[in-house]
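Student: Here is how the chains run, residue by residue.
4 protein chains.
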Amino acid sequence: MKALVYLGPGTKALEERAKPEVAAPTDAIVKITKTTICGTDLHILKGDVPTCQPGRILGHEGVGVVEHTGSAVTAFKPGDRVLISCISACGKCVYCRKLMFSHCTAGGWILGNSIDGTQAEFVRIPHADTSLYPIPDGADEEALVMLSDILPTGFECGVLNGKVQPGNTVAIVGAGPIGLAVLLTAQFYSPAKIIMIDIDDNRLAVAKRFGATAAINSADGKAAETVMKMTGDLGVDTAIEAVGIPATFELCEKIIAPGGTIANIGVHGTKVALHLERLWDRNITITTRLVDTASTPTLLNILHSHRIDPKLLITHRFTLDRILDAYETFGHAASTGALKVIIEA
Amino acid sequence: MKALVYLGPGTKALEERAKPEVAAPTDAIVKITKTTICGTDLHILKGDVPTCQPGRILGHEGVGVVEHTGSAVTAFKPGDRVLISCISACGKCVYCRKLMFSHCTAGGWILGNSIDGTQAEFVRIPHADTSLYPIPDGADEEALVMLSDILPTGFECGVLNGKVQPGNTVAIVGAGPIGLAVLLTAQFYSPAKIIMIDIDDNRLAVAKRFGATAAINSADGKAAETVMKMTGDLGVDTAIEAVGIPATFELCEKIIAPGGTIANIGVHGTKVALHLERLWDRNITITTRLVDTASTPTLLNILHSHRIDPKLLITHRFTLDRILDAYETFGHAASTGALKVIIEA
Amino acid sequence: MKALVYLGPGTKALEERAKPEVAAPTDAIVKITKTTICGTDLHILKGDVPTCQPGRILGHEGVGVVEHTGSAVTAFKPGDRVLISCISACGKCVYCRKLMFSHCTAGGWILGNSIDGTQAEFVRIPHADTSLYPIPDGADEEALVMLSDILPTGFECGVLNGKVQPGNTVAIVGAGPIGLAVLLTAQFYSPAKIIMIDIDDNRLAVAKRFGATAAINSADGKAAETVMKMTGDLGVDTAIEAVGIPATFELCEKIIAPGGTIANIGVHGTKVALHLERLWDRNITITTRLVDTASTPTLLNILHSHRIDPKLLITHRFTLDRILDAYETFGHAASTGALKVIIEA
Amino acid sequence: MKALVYLGPGTKALEERAKPEVAAPTDAIVKITKTTICGTDLHILKGDVPTCQPGRILGHEGVGVVEHTGSAVTAFKPGDRVLISCISACGKCVYCRKLMFSHCTAGGWILGNSIDGTQAEFVRIPHADTSLYPIPDGADEEALVMLSDILPTGFECGVLNGKVQPGNTVAIVGAGPIGLAVLLTAQFYSPAKIIMIDIDDNRLAVAKRFGATAAINSADGKAAETVMKMTGDLGVDTAIEAVGIPATFELCEKIIAPGGTIANIGVHGTKVALHLERLWDRNITITTRLVDTASTPTLLNILHSHRIDPKLLITHRFTLDRILDAYETFGHAASTGALKVIIEA
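Chains as they are written, first to last, in this note's numbering: chain A, 1 to 345; chain B, 1 to 345; chain C, 1 to 345; chain D, 1 to 345.
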């Protein structure tokens with residue numbers, strides 16, 4: 001089968017690989033119909049993710065059809081259409097028993113990381129009963145691909161951790177695909193104001209179309225000042241960091257209201273300065289989270305009720321044959337305007 | 001009347017001052033029977049608290065008897081015995097309506113800070129109806145003084161914010177009076193393990209007597225390692241910072257389990273390093289808080305039911321005449337072993 | 001001034017009464033600009049509310065302009081435009097300190113009940129600082145009248161108590177004004193399905209326009225069966241009782257899913273049968289609540305952000321002169337189609 | 001092997017039965033070392049539990065040693081000492097994914113009900129990985145037997161559902177084994193007052209020894225009056241029903257404070273009267289629950305930390321040979337004073 005393989009920092013190729021086989025009784029083999037590329041895949045390609053070694057098939061998102069199942073799989077059978085979660089969960093360990101699937105001692109984020117992933121014609125899914133979700137015939141597969149990772153990440157790490165509530169004021173720092181996923185899912189809770197902050201005017205324009213009530217280009221270094229003005233010097237109830245660098249995290253520290261919550265989503269490569277000399281008495285909360293995908297059933301319900309349109313995030317479409325072009329397009333988002341790209345397998 | 005007055009960095013005196021008078025219809029004048037000294041008073045004396053100007057009577061803790069009340073005070077009358085909260089709350093503003101009295105726009109921590117305080121024979125209490133608490137005749141006034149500030153601080157900023165729960169593992173970093181107040185109130189929730197960390201063996205010995213299940217002297221720089229060993233490399237569910245310096249906050253970052261909470265109580269004078277490069281995917285929560293004293297009714301109930309003995313924290317007793325000696329004793333805790341000192345007015 | 005006065009069971013009149021005066025330092029006198037009639041006013045007129053005695057001016061909803069304030073009122077001054085809460089809150093008592101204003105020991109629902117109300121040219125508002133809310137100049141007063149009672153009732157007693165969550169399934173039993181207020185405010189949380197149940201096809205048609213995803217006429221006695229069919233025999237996550245009779249409460253018992261919540265809003269005159277022989281092991285929650293109006297600031301934020309249009313509830317408009325006609329119209333809703341009527345003072 | 005078999009209403013026998021075998025890859029066979037009898041077993045023997053058919057081996061509590069495991073069991077191996085949960089959980093279904101194991105679509109309470117149970121030398125445990133808990137060598141097996149059902153039932157259905165909190169006032173109606181399990185676990189949260197209500201003075205005396213702060217014999221029909229007097233006419237924050245008849249549930253309705261919670265544990269055979277005509281505006285919550293045993297890891301932590309002594313509940317001990325005597329003793333608790341009886345296999 002064809003598969004996109006990581007060959008070491010800066011190198012990847014579309015290669016011919018053997019079809020995966022059931023290795024444990026809880027495995028399922030899924031034929032991929034649609035997958036996508038995540039910002040994390042770009043991190044791997046830079047050599048930033050040491051758990052991912054050369055030779056690995058990338059990809060942790062996708063939908064497909066069950067091809068084979070191990071003897072202990074009871075919830076799925078060949079022919080079933082499924083959504084693949086980016087997080088594999090054994091359902092048994094101490095973390096799974098707390099619904100903190102991201103830290104599953106036998107799973108977590110392993111797909112396209114420590115085991116082969118979804119940017120291929122087939123993929124082996126461990127712990128299939130608790131890592132796949134059934135999808136109805138005729139469901140919109142492109143929309144569903146957004147539920148593998150980006151929507152639960154925005155929803156859980158940003159919206160839920162950030163305690164977005166009706167009537168509140170929310171700032172989202174970073175209008176890339178993740179920030180926009182936060183924007184879409186934050187609206188489940190009807191905040192009164194959603195302020196989007198980025199340095200790219202195009203992305204801010206997209207954010208306004210997606211429901212942001214205000215957009216601030218922070219390139220001039222005055223975003224904090226502007227937010228404080230917009231909020232009558234109170235600051236925001238929730239600030240969501242969706243970039244992953246010290247400057248954006250510290251911006252969140254500056255604009256958070258007393259009693260507010262900073263929800264970090266960004267993948268940080270370095271420490272940040274936490275200004276406790278200003279914040280120790282401000283009654284704030286800061287959260288971090290790797291997505292658990294515990295909200296997937298909720299998101300599926302919302303998708304089926306048409307209260308969200310995740311396809312808004314899709315800007316480009318490719319076949320698996322042309323996945324290298326897809327990486328080009330996705331990797332140069334500033335010029336291509338790419339948000340999420342669909343790869344049809 | 002006699003009063004302890006701050007005269008500028010490094011200087012204080014017991015002076016004769018005019019008795020305070022009702023200035024607003026919501027004021028009460030309270031005759032102090034017992035008060036105490038807080039670590040924050042020492043900060044003021046170092047000149048670290050710019051809101052507190054020379055000439056100010058210090059003190060924000062105490063019990064006493066109502067002497068006069070303004071025309072709009074309905075909950076108290078002369079002769080009533082009262083507990084004074086360190087936080088004044090108007091009961092009307094946006095923060096009071098969220099029970100976040102610490103940020104009351106017409107109050108907050110003002111006693112012995114921006115208005116005259118309780119280390120005197122009398123004190124004016126603004127917003128008396130919502131800043132005083134009735135105490136029964138015959139109640140133990142020494143125990144009650146601990147409810148003005150130190151117990152609600154330990155309980156709200158440490159135990160409640162830290163989400164201490166039955167069966168959990170808690171680390172308290174700092175075994176001073178605040179850390180010990182956390183230790184006493186954490187036991188309301190029956191954690192399985194309470195690990196106390198400090199550099200003073202005497203304080204650690206006190207902590208063991210007060211209910212700590214383990215004590216670690218962190219002077220050797222190996223506290224993190226020891227905690228991880230004690231917890232089977234999982235870390236602690238709750239880490240409570242009760243010192244206020246970068247080293248102790250970063251120790252909390254090192255020992256927190258995935259899914260855990262770091263509750264900061266320490267008054268920090270400088271920023272700390274937040275290692276998001278290790279913590280971004282650990283599903284942790286960090287909180288800060290100035291005590292709201294919203295838990296005072298709860299703490300009074302618990303005190304009356306004899307499920308806590310706050311007098312354990314009291315090591316020395318003085319009369320108001322000898323308050324300068326009391327400051328000496330409290331200010332040299334390492335040698336005197338002082339925790340809380342009672343001043344009888 | 002003109003005022004609508006309750007004269008005993010079945011009798012009321014528009015009378016000339018003396019303008020109210022400040023009686024306590026915390027009072028404000030408000031000139032009413034707009035008010036409305038509540039279903040509870042009809043209950044009073046039937047003689048069902050013993051706390052309301054003949055001679056009482058009715059009404060507990062409205063907006064107006066502050067005319068005079070007592071000496072202890074600090075948040076309002078003459079000329080301020082205000083929203084009147086149906087609940088008076090002293091801000092000091094044990095219940096107010098828990099944000100349970102409905103049970104305020106010096107307030108609660110007293111307006112138009114144990115003290116004179118808002119269906120008049122002027123009204124005296126006790127505890128003005130904590131019972132009135134400032135409204136901006138130019139705000140839509142008709143929409144705001146809906147925030148005195150009906151929207152917070154639907155939101156707090158129905159939506160919040162019922163724990164409506166994104167993706168969930170909600171049934172609302174009763175499509176009168178309160179049920180419709182639930183319907184409008186439930187959408188703040190993006191439930192996947194909202195099933196409206198009533199015996200009046202006109203009201204069900206209104207519900208569909210207001211956002212219900214399904215409507216069931218329960219006149220045939222088969223509503224429970226229909227709901228179970230619609231939900232794949234699971235039942236609903238939240239069932240909200242907005243009628244107040246045994247049959248509708250028992251319907252909620254029949255359709256609630258394991259783990260679900262029944263939120264009662266209805267004013268019941270008699271006991272209901274709780275079928276614990278079927279429900280004891282179903283992990284359900286049942287709640288009751290008199291509105292606290294603790295959510296009023298939230299609702300004001302949402303209103304100002306245009307995420308709700310409460311004027312949808314208004315079907316008729318009258319001047320105070322014609323308030324008897326307004327009662328006629330409102331009292332015969334089945335034939336007039338009345339939901340809420342606006343009275344302009 | 002020997003096994004206690006239900007033979008139809010009123011009949012049971014100690015019979016010789018075939019040793020169970022692994023039937024599904026997720027099964028484990030456990031050699032029982034200690035088990036006990038539950039009040040529910042008596043219900044079955046009366047013929048009150050239609051899902052339990054004649055021929056069934058009873059018992060859903062116990063500890064033992066793993067004898068065999070199916071091919072998909074990964075968390076346990078022969079020789080492991082285990083605690084058996086009364087609830088079998090597949091870990092995969094929609095309810096297990098919400099930690100509502102009681103409603104597991106492939107499990108729930110099936111042991112000693114729809115499949116053979118633990119009052120035997122061996123038992124087959126389905127879904128072993130998520131239905132057994134490892135116990136350390138040398139752990140106190142008698143104490144652990146209390147963690148199969150009675151302690152999690154008291155804790156989850158009573159204490160957690162009842163929202164017992166530090167400083168609160170709790171009433172427990174029914175001082176049988178379940179009510180006493182509530183009493184023991186309620187103390188994890190340091191309520192200020194725990195009022196025990198029963199008609200048996202001996203059980204009330206036990207309750208006082210176990211930590212009740214007050215005991216009321218309700219035989220005179222004045223319990224509600226007495227509770228209201230004890231609470232200054234406020235009522236209790238939490239009322240826990242641990243009997244299962246209308247009179248005791250209605251007692252809870254009478255003593256609940258505004259804002260309080262009634263947590264039902266009792267297994268009811270008939271409907272009760274819910275007096276909404278008095279309660280509709282009291283802001284109360286009522287909960288029901290079949291134990292999920294989701295709290296088992298927490299209870300194991302607490303047990304290992306010696307913060308609870310569940311053996312207090314054990315009054316009698318028998319060998320499996322004498323299990324009929326054990327039933328006699330347990331079934332005549334009023335005369336024998338039996339609480340929990342240990343059966344050694």
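One thing to keep in mind: the hints can contain errors.
It does not matter which identical chain is meant; a pair holds if it fits inside one copy or across any two.
[Unchecked claim] In the DSBU-like style, the derived pairs of lysine-lysine whose C-alpha atoms are separated by at most 30 angstroms in a straight line are:
1. K193 with K222
2. K31 with K229
3. K98 with K193
4. K311 with K222
5. K46 with K12
6. K193 with K2
7. K2 with K254
8. K208 with K254
9. K2 with K98
10. K254 with K77
11. K31 with K222
12. K271 with K254
Calculated from the structure, these hints are not laboratory results.
Student: It remains to establish, for every hint, whether it holds in the given structure.
Tutor: Hint check:
1. K193 with K222: within (19 angstroms within a copy, 43 angstroms between copies)
2. K31 with K229: neither (52 angstroms within a copy, 34 angstroms between copies)
3. K98 with K193: Only across copies: K98 and K193 sit 20 angstroms apart there, 33 angstroms inside one copy, limit 30 angstroms.
4. K311 with K222: neither (33 angstroms within a copy, 39 angstroms between copies)
5. K46 with K12: Result: close within a single copy only, 11 angstroms intra versus 61 angstroms inter.
6. K193 with K2: neither (46 angstroms within a copy, 42 angstroms between copies)
7. K2 with K254: Neither, since 48 angstroms and 43 angstroms both go past 30 angstroms.
8. K208 with K254: within (23 angstroms within a copy, 40 angstroms between copies)
9. K2 with K98: Cα proximity of K2 and K98: none, with 37 angstroms in one copy and 38 angstroms across.
10. K254 with K77: neither (52 angstroms within a copy, 34 angstroms between copies)
11. K31 with K222: So K31 and K222 fail the 30 angstroms test inside a copy (49 angstroms) and across (44 angstroms) alike.
12. K271 with K254: both (17 angstroms within a copy, 13 angstroms between copies)
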